[in-house]
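K.L.:
The lines below spell out each chain.
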Amino acid sequence: MTIWKLVTSEILHRRMNFALGVLSVMVASASFIGSVTLLRIHDLRTGQILEVKQEELAKRMAELKDDTRKAMLKLGFNIVILPKDQNLADWYAEDYASKYMPEDYVHKLANSGIVTVRHFLPSLQQKIEWPERKRKIILVGARGEVPNLHRNPVKPMVQPVPPGTISLGYEIHRSLDMKVGEKVKLMGKEFTIHACHKERGNKDDITAWIYLAEAQELLDKQGLINAILALECICAGMDVLPLIRKEIGAILPGTQVIERGSRALARAEARTKIEKEAQIAIEKEKLGRQHLRAVRERLASILTPVIVTACAVWVALLGFTNVRARREEIGVLRTLGVCRRGILVMFLSKHILVGVLGGVLGFCAGVLAAFYFSTALEGKRIWITGMDLSMAGLLVLSVGGAAALAVIAGWIPTMTAIRQDPADVLREE
Amino acid sequence: MLEFKNISKWFDGPEGKVTALDEVCLSVSPGEFLAVRGPSGCGKTTLLLTAGGLLRPNAGQVSLDGNDPYALSPEKRSQMRARMIGFVFQQFHLIPYLTVQQNILAPSLALPAKGADQRAQELVSRFGLDDRAGHVPAQLSTGQRQRTALARALLNKPKIILVDEPTGNLDEGNADIVFGYLSQYVAEGGCVLLVTHDARAAAHATRTLQMVDQRLIE
Chain Z
1 MTIWKLVTSE ILHRRMNFAL GVLSVMVASA SFIGSVTLLR IHDLRTGQIL EVKQEELAKR
61 MAELKDDTRK AMLKLGFNIV ILPKDQNLAD WYAEDYASKY MPEDYVHKLA NSGIVTVRHF
121 LPSLQQKIEW PERKRKIILV GARGEVPNLH RNPVKPMVQP VPPGTISLGY EIHRSLDMKV
181 GEKVKLMGKE FTIHACHKER GNKDDITAWI YLAEAQELLD KQGLINAILA LECICAGMDV
241 LPLIRKEIGA ILPGTQVIER GSRALARAEA RTKIEKEAQI AIEKEKLGRQ HLRAVRERLA
301 SILTPVIVTA CAVWVALLGF TNVRARREEI GVLRTLGVCR RGILVMFLSK HILVGVLGGV
361 LGFCAGVLAA FYFSTALEGK RIWITGMDLS MAGLLVLSVG GAAALAVIAG WIPTMTAIRQ
421 DPADVLREE
Chain L
1001 MLEFKNISKW FDGPEGKVTA LDEVCLSVSP GEFLAVRGPS GCGKTTLLLT AGGLLRPNAG
1061 QVSLDGNDPY ALSPEKRSQM RARMIGFVFQ QFHLIPYLTV QQNILAPSLA LPAKGADQRA
1121 QELVSRFGLD DRAGHVPAQL STGQRQRTAL ARALLNKPKI ILVDEPTGNL DEGNADIVFG
1181 YLSQYVAEGG CVLLVTHDAR AAAHATRTLQ MVDQRLIE
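Protein chains in written order, with the numbering used here: chain Z, 1 to 429; chain L, 1001 to 1218.
There's no promise every hint is true.
[Said to hold, decoys possible] Below are the BS3-like pairs computed for lysine-lysine, each with C-alpha atoms no more than 30 Å apart in a straight line: (1) K1114/L with K5/Z; (2) K5/Z with K1159/L; (3) K5/Z with K1076/L.
[As the list claims (entries may be wrong)] If we take Cβ atoms under 7 Å as the criterion, some of the chain L residues that face chain Z in the derived model are: (4) F1011; (5) V1018; (6) T1045; (7) L1054; (8) E1075; (9) R1081; (10) A1082; (11) H1093; (12) I1095; (13) L1105; (14) A1110; (15) A1113.
Hints in this document: simulated from the structure, not taken from any laboratory.
Cβ coordinates follow ideal geometry from the N, Cα and C atoms, glycine included.
Here chain Z stands alone, though its shape is the one from the complex (with noise of 0.2 Å):
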């Protein structure tokens, strides 16, 4: 005969006790355990959430930056850097640099390091009278950009015009009746047109782009230039203007940076202040499932408390019950010699027993009640399979505690059963 052998048959005579310990413990701990998985299921759905608005705002952005890399491509520059005694009443009535500037300052500014701009084109525009045509035309020698070595290399944003040929605006070849493929001379030097340009509604369409090096050289003006245009792509909106002059001006110093409002430029504030909506959008989502876990956070650390209470008081009274029911089977194991130790083990196996078994069975009813009940609080059924919950340490943790629990609640009993004086019992018959 052992001890256990007397708890097992002891719970089989007492089934129902048994069973109703079992249940109150179970009931714990399916409250706690349901409660915490409830939360891990709101933060997984709350990851969820978040991620489908983040994907939808990333692709959001990406066509808004698409649509901003076509405005520039069509618009041109919005930053220009001109020489520092360059006159801004000037250069804003004739739209073009009457000072010049070293060409090697693009070189200057794209091994710099500089952060801030990605794209420059060095150019050198002049308004000249056409003395072939008789016309009155602003000639700007370009070339292909210049690499900012330091960021990602992008593709250019213009085409440069090859050496010996012409681009022409559309007033010019509209007026004049040119074609691609024609010879034309300008200032006794033949181009052959390379594009004719449709009409843009701005000074483009009196320009006649040709190759920097030939410009530098029908203008008298070999190795310099009047203008860099460069486009700010880190497009963080207005306040960005006042970093790009510090960085430029620190690489640059006989330089100033003027902004040339532009469609793209509106369009990439237009596009930061989407994404910062939209982020705002996404915080306020954050804020509101964050206010609603606390508001459930709230409701189980009131519910949870309560109801393991009350079954710990449940579970002490089913063992004040027991004790009592078994008063003169302690009183004859007393006689018998068993000592208070034993029946202190007796007592506490089995509430142990009623922990372990209810921890077990409460664990799998919180869990299956949990992801029955995540379809009407999220809308959706999350499946174990999918959550980032360490089951088996909430497994280990609902028996450790529900066995926690049955032992505290069963202790008064207990300890109510080993004093007991076996003499008390025997005088009673």
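Since the structure of chain Z is already known, use the hints to place chain L on it.
P.N.:
Coordinates of chain L only, in the frame set by chain Z:
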């Protein structure tokens, strides 16, 4: 084996001190079957519980096999009880959810010993309970329950058996069977202290004492 020297025991009740034993002296030796007779409420059960190390006297000294059980710690006193004393009660006090064989084995919870199972099986056979070994007390007759209780008392081969009204719930035939077993135990060198109000029980004892007004008289 068992000796009482001027044992007194009283209880504090709502109406003041209630004396249960008043300077009781007795001794029981191996091979002796001592019967203590007296009416209900005269202190017989108190005498038995005091002898069994379950009820500490207020005065006097108890000696069991030369040792005072009340000088021992509760744990050691429990061990001593398991090792040396067997109990038989009027109400049998069998554990309701254990079978006959398991009830007989119950003292091994306190004093685990090799061969306890075999010893229990022997007792089952000796007390004619073979066909009831797997039954629980509720399925037994009164006589079978008392025989089970007696077999349980004998499992650890005690030096003394303390018996309280063993035949109170038995018919004459079953009572004779129980006394027969007790007499056999005494004949084998054991000793029995029996308290009863039944005059028939005294017929089986080697010595009988009367308990009157919480005192023992020859």
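K.L.:
Okay, which hints does this one fail, numbers in order?
P.N.:
4, 5 and 15
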